[in-house]
Amino acid sequence: MVASPWTHIHSATLQKDMRKYLLDLTVNSNERLSGNYILMKLSSEERLPDMLPGQFAEIRVDGSPTTFLRRPISIHFVDRATNELWFLIQLVGDGTRKLAELKKGDTLNVMLPLGNSFSMPALAQEELLLVGGGVGIAPLLMLGAVLRNLGYQPTFLLGARSKKDLLQLDAFETYGQTFVTTEDASFGEKGFVTNHSILQQKKFDKIYTCGPTPMMKAVAAYAAKNGIDCEVSLENKMACGLGACLCCVTETQEGHKCVCSDGPVFNIKDLKWQI
Amino acid sequence: MVASPWTHIHSATLQKDMRKYLLDLTVNSNERLSGNYILMKLSSEERLPDMLPGQFAEIRVDGSPTTFLRRPISIHFVDRATNELWFLIQLVGDGTRKLAELKKGDTLNVMLPLGNSFSMPALAQEELLLVGGGVGIAPLLMLGAVLRNLGYQPTFLLGARSKKDLLQLDAFETYGQTFVTTEDASFGEKGFVTNHSILQQKKFDKIYTCGPTPMMKAVAAYAAKNGIDCEVSLENKMACGLGACLCCVTETQEGHKCVCSDGPVFNIKDLKWQI
Amino acid sequence: MADLTTNIGKLVMKNPVMTASGTFGYGEEFADFIDLSRLGGIIVKGTTLKRREGNPYPRMAETPSGMINAVGLQNKGVDYFVEHIYPRIKDTDTNILVNVSGSTIDDYVATAERINALDKIPAIELNISCPNVKEGGMAFGTSCTSAAGVVAAVRKAYDKTLIVKLSPNVTNIAEIAKAVEDAGADSVSLINTLMGMAIDAEKRKPLISTITGGLSGACVKPIALRMVWQVAKAVKIPVVGLGGIMNATDAIEFFLAGASAIEIGTANFIDPTVTIKVIDGINDYLDRHGFKSIRDIVGALETA
Amino acid sequence: MADLTTNIGKLVMKNPVMTASGTFGYGEEFADFIDLSRLGGIIVKGTTLKRREGNPYPRMAETPSGMINAVGLQNKGVDYFVEHIYPRIKDTDTNILVNVSGSTIDDYVATAERINALDKIPAIELNISCPNVKEGGMAFGTSCTSAAGVVAAVRKAYDKTLIVKLSPNVTNIAEIAKAVEDAGADSVSLINTLMGMAIDAEKRKPLISTITGGLSGACVKPIALRMVWQVAKAVKIPVVGLGGIMNATDAIEFFLAGASAIEIGTANFIDPTVTIKVIDGINDYLDRHGFKSIRDIVGALETA
Numbered sequence: 001m002v003a004s005p006w007t008h009i010h011s012a013t014l015q016k017d018m019r020k021y022l023l024d025l026t027v028n029s030n031e032r033l034s035g036n037y038i039l040m041k042l043s044s045e046e047r048l049p050d051m052l053p054g055q056f057a058e059i060r061v062d063g064s065p066t067t068f069l070r071r072p073i074s075i076h077f078v079d080r081a082t083n084e085l086w087f088l089i090q091l092v093g094d095g096t097r098k099l100a101e102l103k104k105g106d107t108l109n110v111m112l113p114l115g116n117s118f119s120m121p122a123l124a125q126e127e128l129l130l131v132g133g134g135v136g137i138a139p140l141l142m143l144g145a146v147l148r149n150l151g152y153q154p155t156f157l158l159g160a161r162s163k164k165d166l167l168q169l170d171a172f173e174t175y176g177q178t179f180v181t182t183e184d185a186s187f188g189e190k191g192f193v194t195n196h197s198i199l200q201q202k203k204f205d206k207i208y209t210c211g212p213t214p215m216m217k218a219v220a221a222y223a224a225k226n227g228i229d230c231e232v233s234l235e236n237k238m239a240c241g242l243g244a245c246l247c248c249v250t251e252t253q254e255g256h257k258c259v260c261s262d263g264p265v266f267n268i269k270d271l272k273w274q275i
Numbered sequence: 001m002v003a004s005p006w007t008h009i010h011s012a013t014l015q016k017d018m019r020k021y022l023l024d025l026t027v028n029s030n031e032r033l034s035g036n037y038i039l040m041k042l043s044s045e046e047r048l049p050d051m052l053p054g055q056f057a058e059i060r061v062d063g064s065p066t067t068f069l070r071r072p073i074s075i076h077f078v079d080r081a082t083n084e085l086w087f088l089i090q091l092v093g094d095g096t097r098k099l100a101e102l103k104k105g106d107t108l109n110v111m112l113p114l115g116n117s118f119s120m121p122a123l124a125q126e127e128l129l130l131v132g133g134g135v136g137i138a139p140l141l142m143l144g145a146v147l148r149n150l151g152y153q154p155t156f157l158l159g160a161r162s163k164k165d166l167l168q169l170d171a172f173e174t175y176g177q178t179f180v181t182t183e184d185a186s187f188g189e190k191g192f193v194t195n196h197s198i199l200q201q202k203k204f205d206k207i208y209t210c211g212p213t214p215m216m217k218a219v220a221a222y223a224a225k226n227g228i229d230c231e232v233s234l235e236n237k238m239a240c241g242l243g244a245c246l247c248c249v250t251e252t253q254e255g256h257k258c259v260c261s262d263g264p265v266f267n268i269k270d271l272k273w274q275i
Numbered sequence: 001m002a003d004l005t006t007n008i009g010k011l012v013m014k015n016p017v018m019t020a021s022g023t024f025g026y027g028e029e030f031a032d033f034i035d036l037s038r039l040g041g042i043i044v045k046g047t048t049l050k051r052r053e054g055n056p057y058p059r060m061a062e063t064p065s066g067m068i069n070a071v072g073l074q075n076k077g078v079d080y081f082v083e084h085i086y087p088r089i090k091d092t093d094t095n096i097l098v099n100v101s102g103s104t105i106d107d108y109v110a111t112a113e114r115i116n117a118l119d120k121i122p123a124i125e126l127n128i129s130c131p132n133v134k135e136g137g138m139a140f141g142t143s144c145t146s147a148a149g150v151v152a153a154v155r156k157a158y159d160k161t162l163i164v165k166l167s168p169n170v171t172n173i174a175e176i177a178k179a180v181e182d183a184g185a186d187s188v189s190l191i192n193t194l195m196g197m198a199i200d201a202e203k204r205k206p207l208i209s210t211i212t213g214g215l216s217g218a219c220v221k222p223i224a225l226r227m228v229w230q231v232a233k234a235v236k237i238p239v240v241g242l243g244g245i246m247n248a249t250d251a252i253e254f255f256l257a258g259a260s261a262i263e264i265g266t267a268n269f270i271d272p273t274v275t276i277k278v279i280d281g282i283n284d285y286l287d288r289h290g291f292k293s294i295r296d297i298v299g300a301l302e303t304a
Numbered sequence: 001m002a003d004l005t006t007n008i009g010k011l012v013m014k015n016p017v018m019t020a021s022g023t024f025g026y027g028e029e030f031a032d033f034i035d036l037s038r039l040g041g042i043i044v045k046g047t048t049l050k051r052r053e054g055n056p057y058p059r060m061a062e063t064p065s066g067m068i069n070a071v072g073l074q075n076k077g078v079d080y081f082v083e084h085i086y087p088r089i090k091d092t093d094t095n096i097l098v099n100v101s102g103s104t105i106d107d108y109v110a111t112a113e114r115i116n117a118l119d120k121i122p123a124i125e126l127n128i129s130c131p132n133v134k135e136g137g138m139a140f141g142t143s144c145t146s147a148a149g150v151v152a153a154v155r156k157a158y159d160k161t162l163i164v165k166l167s168p169n170v171t172n173i174a175e176i177a178k179a180v181e182d183a184g185a186d187s188v189s190l191i192n193t194l195m196g197m198a199i200d201a202e203k204r205k206p207l208i209s210t211i212t213g214g215l216s217g218a219c220v221k222p223i224a225l226r227m228v229w230q231v232a233k234a235v236k237i238p239v240v241g242l243g244g245i246m247n248a249t250d251a252i253e254f255f256l257a258g259a260s261a262i263e264i265g266t267a268n269f270i271d272p273t274v275t276i277k278v279i280d281g282i283n284d285y286l287d288r289h290g291f292k293s294i295r296d297i298v299g300a301l302e303t304a
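Chains as they are written, first to last, in my numbering: chain A, 1 to 275; chain B, 1 to 275; chain C, 1 to 304; chain D, 1 to 304.
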C-alpha cells in the first residue's frame with residue numbers, strides 16, 4: 001500500500017515547488033504483458049523522490065539510432081513499500097523496443113517528476129470516475145491509489161480494443177470498482193467507454209481521464225453535458241519536458257501552454273476543445 | 001585442420017572472380033580475451049563462402065548511434081570442420097563495444113569476402129616470415145594455416161606492447177614456429193619485431209606483415225634492405241568496402257588505389273612508402 | 001502491383017529508383033548482391049574530360065547519422081570511360097547515366113559531347129557543384145548566372161536527357177533551379193552534398209585532407225526534403241530527389257514532396273541491397289494505399 | 001585548472017559555455033539539475049516587442065540525430081520580460097543575455113532599447129534569421145544589405161555587447177559575417193537552425209504545422225563547424241560557435257575551428273546537466289594537453 005505523498009496536501013499547485021531529479025534507476029523487472037506492452041519496475045538505492053499522480057518521467061533510450069530525444073512516460077505507480085517505480089509502456093517504435101530488451105539489473109536514466117498532477121477533489125465526499133483507454137490507463141493506477149488512500153472510493157472505467165489490450169485489471173480492482181468496455185466485446189461491455197451503462201446508473205462529481213484524444217474528447221463532452229468537473233491528461237510530442245523548448249503546446253483559454261510543464265493535466269474548462 | 005580453399009590455386013588474382021555475400025551469421029561464441037580484445041566465432045546454416053587469407057568482412061553494428069557505416073574486420077580464421085568464421089577485434093569505440101555485447105545466438109550481418117589476398121609463394125620451397133603487431137596479427141593466422149596446408153613451414157614473429165596484448169599464441173604455434181617481442185619485455189624478446197634476433201639467425205625469402213603502420217614500414221624497410229619480397233596489409237578508413245566510393249585510397253606507383261578492393265594487401269614495390 | 005514506370009524528359013525508367021553518382025561505382029561492384037536489371041537507373045561515377053587522381057587520403061569521416069567525403073572526382077577521364085568501361089557495362093539491362101563534371105565550361109561541353117555519342121547512355125547528370133576555376137573557384141551551382149551558363153552550353157552540345165544536379169549550399173535553391181530550367185535542363189536532381197567539416201580534437205587536425213568535404217547520409221534528409229519541396233513548386237520540369245534516403249519510407253517522403261524519381265547514395269554503403277528493398281517498399285506502399293501508379297503520389301503532400 | 005575566462009566584446013565570462021536561446025528557458029527550468037552560477041552565460045528565449053503566441057501545434061519532429069522545431073518565437077513580449085521575468089532572474093550569478101527578435105527594423109530597435117536599460121543584462125544576441133515582413137518575408141540574415149541594415153540600426157540604440165546570430169541558410173556566410181562586423185557587431189554567433197522539413201509518409205502530411213522548420217542537433221555539427229571555421233577566418237570580432245554540440249569533444253572542435261565561446265542548445269533536452277559536463281570536459285582537455293588557457297586553443301586547428 002503506497003504511503004501517499006498527498007496526506008497533507010490541499011493545494012494542487014504544490015508540484016510547482018517539487019524538486020526534479022535526474023536519476024539512474026535499476027531495472028528490477030521488465031515483464032512483457034499481453035498484447036504489445038511491458039510493465040517495468042525500477043528502484044534506487046535512495047528513497048524514490050516524491051511524485052504526484054499524473055506526473056511523468058522523461059527517459060533516456062540508449063542504443064537506438066532513431067531515438068535522439070528522451071521519451072515521456074507516465075508514472076504508472078510508486079510502491080513505497082518496495083521503493084519501486086512502475087512504468088506501463090506500449091511498444092510502438094525502435095525506442096520502445098529497446099526498452100523492452102532491458103533486463104533485471106540494467107540501468108535506465110530518468111528525469112522526474114515532471115509536469116503538474118491531477119487535482120484532488122474539493123470535498124471529502126465525492127463520487128470519482130477514472131476513465132482510461134489503451135495505455136492511457138497508466139497514470140490512473142497511481143491516482144486511484146492516492147484517492148483511495150485519502151478515503152475516496154474511486155470507480156475505474158477502462159476501455160480497450162480487445163481483451164488482450166486490457167492491462168493491470170487486478171491492480172486497479174484493489175483500489176476501486178472497475179468496469180470495462182472492449183470494442184470487440186471480448187470482455188466487459190461492448191463499445192466505447194462512453195457507452196458503458198455505469199454512466200447511466202451512477203452520478204459522478206468528478207471525472208479524470210487519460211487515453212486516446214478521441215476518447216478523452218467524448219468523455220469531456222459527456223462531462224460538459226452533465227455539468228461534471230473533468231480533468232484530462234494530454235500527451236503531445238515533447239523535447240525538453242521542462243517547459244523550456246515550447247514544442248508541446250496546447251491551446252488554452254490563456255493561449256498556448258506547455259503540456260509538459262503547465263500540464264499534462266488540464267481541466268476541460270481551460271482547453272479550447274470543440275465539445 | 002582447415003580444408004584450404006587454396007589447394008588448386010596458382011593465381012593470386014583469383015579473388016577477382018570470388019563471389020561476395022551479404023549474410024546474417026549466428027554468434028557461436030564471443031570470448032573476451034586478455035587486454036581489450038574479443039574473439040568472436042560465427043557460423044551459418046549453409047557452408048561458409050570461400051575466403052582467402054588477407055580478405056576482410058564489412059560488418060553491421062546495430063544499436064550504436066555513433067556507428068553509421070559498416071566496420072571492416074579482417075578474417076582471422078575459417079574453421080571448415082566446424083563451419084566457423086573467426087574475428088579477432090580490438091575494442092576501441094562505441095561500435096566495437098556493442099560487438100562485445102553480442103551473445104551466443106545473436107545475429108551479425110556481414111558482407112564478405114572483400115578485398116584481394118596475400119599471394120602464395122612462387123616456389124615450392126621458401127622460407128616465409130609472417131610479422132604481426134597488435135590486433136594486426138588477425139589475418140596472419142588464416143594465412144599461416146593455408147601456407148602450412150600447402151606444405152610450407154611458416155615462421156611467425158608477433159609483437160605487442162605487453163604480454164596481455166599477445167593473443168592467440170597457441171593457435172599460431174599449431175601452424176609454425178612463433179617468436180615474440182614485447183616493448184616492456186614482459187614476454188619474449190624486448191623491443192620491436194624488427195629488433196628480434198630471428199632476423200639475424202634466419203634468411204627469409206618472403207615476408208607478410210600486418211599491424212600498425214610504423215611497424216609495417218620498419219618491416220618493409222628491413223625487407224627492402226635485404227632484397228626480400230614483402231607484402232603488407234593496409235587498413236584505411238572505408239565506407240563501402242567494394243571499391244565504389246573511392247574513400248580508402250592509398251598512393252601506389254599507378255596512382256591512387258582502393259585499399260578495400262585493390263588491397264588490402266599490397267607488395268611494397270607497388271607502394272610509395274619512403275623506406 | 002502498381003505502375004512504377006517513370007519518365008524524366010525522354011528517359012524512360014521501369015521504376016523511379018536510381019543510384020547516386022559516386023556511391024555505386026559502375027554497378028558491377030554491386031552485381032553480387034542485387035539484380036542490376038531491377039534498377040530504374042545507375043548513375044555512374046563523376047566523369048571529367050581528363051583523368052583525375054582526386055584528393056589525398058584521408059577522404060572520409062563518419063559523422064552523426066552521416067559521413068563527409070572528399071574524393072575529388074577521382075576518375076580515369078572520359079576517353080578511358082568510352083573505350084574501356086562503357087563496352088563493359090553498356091548492355092546492363094537498366095539505364096546507365098553518366099555524371100559529368102568539370103572545371104571549365106569547355107571541359108563540361110567536351111565531356112558531354114563524347115558521352116552524347118554513346119548509344120546506350122540515354123541521359124547525363126550534370127554536376128554543377130564543381131569549382132569554376134575561371135571564377136576564383138566558386139562553384140558553378142552557387143549563382144544563377146554561372147549555373148545557367150554551363151547548362152546552356154552543355155544543352156547545345158547534348159541532345160539526350162539532361163539532368164542538372166543542384167548544390168544545396170545556396171541561399172535560394174529554387175532560383176537556381178528556375179535558372180537551370182530556363183537554360184534548357186530536362187530535369188534537376190537534388191541535393192548534392194552539403195559542405196561540412198570534421199576535426200580530430202585530440203590531434204587538433206582536420207579528419208579529411210581537404211579540411212572540408214561533402215556531407216551525406218540520413219542526417220541531411222530533412223534539408224534535402226525541404227529543398228525538393230521548394231524546387232518542385234518552382235519548376236515545371238521533373239525533379240529527382242536524393243539526400244539521406246535510407247529506406248522506402250524516406251523515398252515516399254521525397255515523392256510526396258514533389259520528386260518524380262529518387263536516387264539512393266550513401267545507403268548503398270550500409271546495405272548493398274537497399275535499392276531493391278526500396279523498390280519493393282514503394283510498391284507495397286502504393287498497393288496498401290490503393291494507388292495505381294507512382295505518379296499518383298508525386299507532390300501529393302497535403303499541406304492544407 | 002586552466003583559465004577558462006573568456007571575453008566577448010565588453011562581456012566577461014567565467015567560462016566560454018553559454019546556453020542557446022530557446023533551449024534553456026530562463027534558466028530556472030534547469031535549476032534543479034545544475035548550479036546555474038557555473039555557466040558562462042544564459043541566453044534567454046527569443047524576445048520580441050509584442051507578445052507572440054507562436055505557431056500552432058505540432059511544432060517539433062525528431063530526425064536522424066536531430067530535431068526540427070517551429071516554435072515561432074512564442075513569448076510574452078519585451079515589456080512582460082522587463083516587468084515580470086527580469087526581476088526574477090536578474091540576480092542569477094552568471095551572465096544573462098537576451099535573444100532579440102523582430103519582424104521590422106523598428107521592432108528590433110525598440111526591443112533592444114528596452115533591454116539596454118536593464119543593468120543586469122550585459123549583452124544581447126540579435127536573431128537576424130527572422131522574416132523581414134517589409135521585404136516579402138525574406139530573412140534579414142540572408143542578404144548582406146538587410147543583415148547590415150538591422151545591425152546598424154540596433155547598434156545605434158544599444159551600447160552594450162551586441163552579438164549577432166547568423167543564419168546558415170546562405171550561400172556565403174563569411175560575407176554576411178563581414179557585413180555584420182562592418183555594421184558594428186561586437187561578435188557573431190553561429191549557426192542558427194538549418195531550414196528542414198519532415199513528412200508523415202502514412203498520413204501524407206507534414207509533421208509540423210508550418211511545413212518547414214529549423215533543424216538542430218548532432219546532425220548539423222559538421223555544417224556548423226565548417227561555417228564557424230569560414231567565418232573565424234573572415235572576421236576580426238570574436239565568434240561564438242553553436243550547432244550540434246553534444247559533449248566536451250564537440251565543444252573543443254568548435255574552439256579549434258575558431259570559436260572563442262560556444263552555446264549548447266538541443267543537447268540540454270537530452271541531458272539537462274550537459275553544460276556542466278562540457279565545462280569540466282574542456283578543463284580536463286586543456287590540462288591533459290598542457291594548455292594554460294582556453295584562448296590557447298581558439299583557432300588552433302593545424303591545417304598545414
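Note that these hints are calculated values from the structure, not bench results.
It should be emphasised that the depicted structure is a prediction, and the values quoted were computed from it without experimental measurement.
Ideal placement from N, C-alpha and C gives every residue a C-beta, glycine not left out.
Check the hints yourself; a few may be wrong.
Claimed, not checked - One-sided and incomplete, this derived list gives chain D residues near chain C with beta-carbon spacing under 10 Å:
#1 I34
#2 S143
#3 S167
#4 T171
#5 P206
#6 T249
#7 H289
To be verified - Here chain C is said to cover these stretches of chain D; the calculated rule only asks that three of the stretch's residues, wherever they fall, bring their Cβ under 8 Å from a Cβ of chain C:
#8 57-69
#9 187-200
#10 218-224
#11 253-262
Outcome of the hint check:
1. I34: Hint on I34/D: violated, closest Cβ of chain C at ~23 Å, above 10 Å.
2. S143: 8 Å, holds
3. S167: At about 9 Å, which falls below the 10 Å cut-off, the nearest Cβ of chain C leaves the hint on S167/D intact, so it holds.
4. T171: Because about 5 Å separates T171/D from the closest Cβ in chain C, which is inside the 10 Å limit, the hint holds.
5. P206: 6 Å, holds
6. T249: Cβ of T249/D sits 5 Å from chain C, so the hint holds.
7. H289: Cβ of H289/D sits 8 Å from chain C, so the hint holds.
8. 57-69: holds (count 5)
9. 187-200: holds (count 6)
10. 218-224: holds (count 6)
11. 253-262: holds (count 3)
This entry does not satisfy hint 1, going by the numbered hints stated previously; all others are met.
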